[in-house]
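K.L.:
Sequence:
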Amino acid sequence: MKTKSPFRTGDSVIVKPDIHDPDLGMGIGGWQGIISEVNEAEQLICVDWDSQTLAAMPAAVIDRCEEQGLGWDQMYLGFSDVQTAPRRDTPAQRAQTLARLHAEHQWSHLGVEGAQIQAVIGAVDPDDQWAIYEAWETHLHQVLRFPFEAIVAEAPDRGPLHQGDRMTVQAITDTDDLRGLIVACTHQRHRTHFPLCDLEVLDHRSPNHDPVKIYVVWFANR
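Position in the sequence shown (first residue = 1) + 398 = this note's numbering.
There are no misleading hints in this set.
Per label pair, the in silico range of CB-to-CB distance:
| hint | residue 1 | residue 2 | range |
| --- | --- | --- | --- |
| 1 | D608 | G469 | 25 to 35 Å |
| 2 | G469 | E552 | 27 to 37 Å |
| 3 | H588 | F617 | 16 to 26 Å |
| 4 | T407 | Q466 | 19 to 29 Å |
| 5 | P456 | S403 | 28 to 38 Å |
| 6 | T566 | P420 | 49 to 59 Å |
| 7 | A497 | R577 | 24 to 34 Å |
| 8 | G476 | A501 | 30 to 40 Å |
| 9 | Q466 | K414 | 23 to 33 Å |
| 10 | T401 | P484 | 21 to 31 Å |
| 11 | A618 | T566 | 19 to 29 Å |
| 12 | D608 | P524 | 18 to 28 Å |
Listed next, the in silico EDC-like pairs over lysine to aspartate or glutamate satisfying Cα-Cα at most 16 Å (straight line):
| hint | residue 1 | residue 2 |
| --- | --- | --- |
| 13 | K611 | E598 |
| 14 | K402 | D479 |
| 15 | K402 | E435 |
| 16 | K611 | D601 |
| 17 | K402 | E438 |
| 18 | K611 | E535 |
| 19 | K402 | E440 |
| 20 | K611 | D596 |
| 21 | K611 | E552 |
| 22 | K611 | E547 |
| 23 | K414 | D479 |
| 24 | K611 | E511 |
Hint data in this document are derived by calculation from the structure and do not stem from the laboratory.
Backbone N, C-alpha and C define an ideal beta-carbon position, used for all residues, glycine too.
Model the full structure from these sequences, guided by the hints.
P.N.:
As structure tokens, then:
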């Protein structure tokens with residue numbers, strides 16, 4: 399016989415000692431939040447972690463959840479896994495903390511590459527596209543050594559350049575709102591301009607290879 403839930407949506411609860419995350423296996427005793435869903439058929443509740451629990455959550459745990467496609471701001475638990483507790487925050491405080499953490503970990507799902515992207519643009523307003531482009535341009539000006547050889551990884555449907563064409567990249571010269579950073583290149587003695595996001599550094603051992611690759615990964619996932 400199903401047990402009627404002792405909880406209601408909106409109740410504040412704390413996880414009992416010795417309870418573990420069903421996906422990661424780590425102890426979550428003492429974590430606290432607000433019930434956002436009650437499923438009596440499955441004997442489960444959904445707990446939205448409060449701002450204090452979210453703020454104390456290890457960054458490595460959030461990164462791991464992002465990489466594995468798991469939610470980390472809420473969790474389904476059994477009726478017997480929690481007990482009522484005084485509420486510790488407001489919805490506005492939770493929303494503020496959650497927004498900050500989402501900004502800090504928005505690239506974590508990409509693993510090591512995501513961490514490198516975060517290092518470049520993590521301090522920039524994620525809604526300010528031009529500021530993000532400026533951060534990339536500043537970073538790449540610091541780490542790239544011009545000129546360098548590259549090949550066309552993605553070619554436009556029309557134009558003289560084709561996938562696999564080799565060119566010499568001379569400098570970053572412009573920014574386009576749709577195509578990102580634009581570089582000046584030489585192809586068969588002809589000077590042209592091309593989006594950096596569509597290029598790949600020819601020498602994989604070159605110190606230019608990884609910074610360009612990280613930019614390309616970011617552009618594809620932005």
